[in-house]
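K.L.:
The primary structure of each chain is shown beneath.
2 protein chains.
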Amino acid sequence: MKIKDLRIHSIAIADPPIRSSYGLHARYALRTIIELESEDGIIGINETYGGESPVAALKAVREKIIGKDAFRITGLLNPEMKRPDTNPDRSQTWLVPGENPLDESSRTFAAIEVACLDLIGKSIGVPVCDLIGGRVRDKVPFSAYPFYKHAGGGGEGNDAREDEYGEALTPESLVKQVKKMIATYGFGSVKFKAGVLEPDLEIETVKLMYQEFGPNVPLRIDPNSAWTVATSVKVGKALALELSGGGYLEDPTVGIEGMGAVRKQLLDIGINVPLASNVAVTSFGDIPAAVANDAVQIILCDHHYWGGMRQVQHLAKLAQTFNIGLSMHSNSHLGVSLMAMAHVAAATPHLTYACDTHYPWQSAKDEVVAGGRIPIKDGCVTITDKPGLGVELDYDQLERGKERYRHCAYRKRDDEAEMKRYVDPNWKRILPRW
Amino acid sequence: MKIKDLRIHSIAIADPPIRSSYGLHARYALRTIIELESEDGIIGINETYGGESPVAALKAVREKIIGKDAFRITGLLNPEMKRPDTNPDRSQTWLVPGENPLDESSRTFAAIEVACLDLIGKSIGVPVCDLIGGRVRDKVPFSAYPFYKHAGGGGEGNDAREDEYGEALTPESLVKQVKKMIATYGFGSVKFKAGVLEPDLEIETVKLMYQEFGPNVPLRIDPNSAWTVATSVKVGKALALELSGGGYLEDPTVGIEGMGAVRKQLLDIGINVPLASNVAVTSFGDIPAAVANDAVQIILCDHHYWGGMRQVQHLAKLAQTFNIGLSMHSNSHLGVSLMAMAHVAAATPHLTYACDTHYPWQSAKDEVVAGGRIPIKDGCVTITDKPGLGVELDYDQLERGKERYRHCAYRKRDDEAEMKRYVDPNWKRILPRW
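Protein chains in written order, with the working numbering: chain A, 1 to 434; chain W, 1 to 434.
Bear in mind the hints are in silico, worked out from the structure with no lab data behind them.
There is no bait here: all hints are sound.
Which copy is meant is left open, so a pair is good if it fits within one copy or across any two.
Pairs of lysine-lysine, DSS-like flavour, derived with a Cα cap of 27 angstroms: (1) K365 with K412; (2) K68 with K386; (3) K139 with K64; (4) K4 with K386; (5) K4 with K64; (6) K2 with K139; (7) K179 with K139; (8) K68 with K139; (9) K386 with K64.
The shape of chain A in the complex, shown without the other chains:
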């Protein structure tokens, strides 16, 4: 199954002005859609980070791919053969996913791997999850992912999207947002992006959610390292009840040592709220120290930057071995990424928590998947018998995404710059802020 062509499409998709400790999401998120075409004209697709740097990295591997066998490309490109993927300090504390130069080989490898798997699956009529080990579930659970946000649905000017969720900068409005998400998608758990308001207000937000949804909807809070160790412990203590029963405290503070200190101090006062991470732990190189410090009880995997689907499966087994839970991280994305996440999750026995997804924040107007948005029902994406990732591209929609990219003023994600532009010209990312 020889590869004839690799096509790289830069697109921009509308993204609402949601907040995190990194700053503000820009009006458009940048994504890259790739197509890998075989000699017999079958096309494998994938979606990855957008902007100049990911595209440059993909272009750089182009010549290694053309003319090669899709089954062997991942062996050929394997970054582990050049450099062990155990480089520590690949933290996302200061860099957003997709913009960390130390992740580049893993991200590029992942982008090509998934496109190859889609191509192979479509060529032989097999779903990707079954290619990589066989599905152990065919409904993949995702969480509601509420954010504090400003008014606006993303996009700009004539291209502005409807503001489906409205402004949400108070505990009450955030709960309202979650109710709407649950009503629409049937999510059974909530991952709440914090690190934006005063910790007391964020505590209040979680308490309100718990009142509203009760103990059967696990709650997670993720301030992206915004807090000191002391504040993290204070929040953990205040929310011991609300985060129990399948919830967790995610990346409360900076770094593995800080996380280890939070864990220890919470255990010392009898509070066993698990700590999750996709900031302190973002690569295999971070794991030995995380294990030694008991810093992380749940890892949020992400095939986009951990090096692809098979690396996520390796990570899951490693996590199971060390009694660490596994969930899944997400960035703003379309349906191709959602299906890739769902397929790897379907073929990963040790997936112990519902996955994150930004998908509810994106609009049907931006979806490049033929037939429109992927349904999320009862909080789950269903894996069907369709080959590959189970989706094809809508080339008209792809063209619109490329057009938006051409008109977009920036070529990388910069949440701090957006905060300065739209909210506060003096805003700076300060860690810990509280």
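Knowing the structure of chain A, use the given hints to seat chain W on it.
P.N.:
Then chain W, alone, in the frame of chain A:
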């Protein structure tokens, strides 16, 4: 690709009277050959442990397999979904591989997984290594595997095989054995099965090998837990030079704590000979304690009991993450197992040592692979472009193996019983012996 039939063939293959701390190899080793036939008549094959218990376990999964899709069988059968594969204490200290009841689900899963991969590969024209991630090498290195042995080439009576290597119960005769193996197969490293003679004689054996082959042929010594911690340290000290430069000290003593003590005491006297294991560490459940105790610097994987090819790939990534080397364990086997070992090794970036193999001890007369024995050249098995495992069955040879099995008096491996029968009626396995 629906499965129409699962056929299970018990065979016996001649095995020379080689020695280890477990006792004596019987005149015949028991193996099982399985065939998985798809509805369109393509046949996937595999080889696994022999005798009653492995066959009973395979028969027990038969009904879960027939009528199912080969791509989904491994998801359906995945033992991790029933019971986390992190059960500690799956040590092979007292049980030979294939006879440990705690390994059963992993062994059975592995046997079916590899047969599925061969079937899939043969159906779509793709080598197994490329199905599971893509080859990162196409020559897989193996080690010479000398044993102390009694006279005899295996088999019995009219069915006795030629004694190619002769008796070897002294340091000099063992070196002669290695010379012959290297001359025949071109091996570039030596794994020496010890734990049989007095430790001083085994030290002398390694020193003679080092004199003969020099520092460019890495030497390993494996007494299968026969020594006390003190003896292990004494041997490590005596052989510090000979085991350096790519060699190792394998399972010198019993258990993870014992191994950790040997490691610490050796480091304390400035000797950094790495410890390897396939006795103290035989499952994912053993790894956290092994890491915490720095008990093992190299794990010898084996897809036959670690749960298949993908589990070996998971293990390799875990080992890389924790800076642990990876080699490969072997039992008496034919060409199907050899090719399975070679394929998973080819698709495992973090394979840091040449693999073990008993293959030189088996005879062409017993080989069930069509076309005869797999060539080992310059110490390597070559992965070709042939689909699946790259080998087919010779059904006449298979029939002869089944006939030998029918005439064989035993239905499980019992090296202690063989020692009593042929060498010393009062022999008992004692650990530590020295």
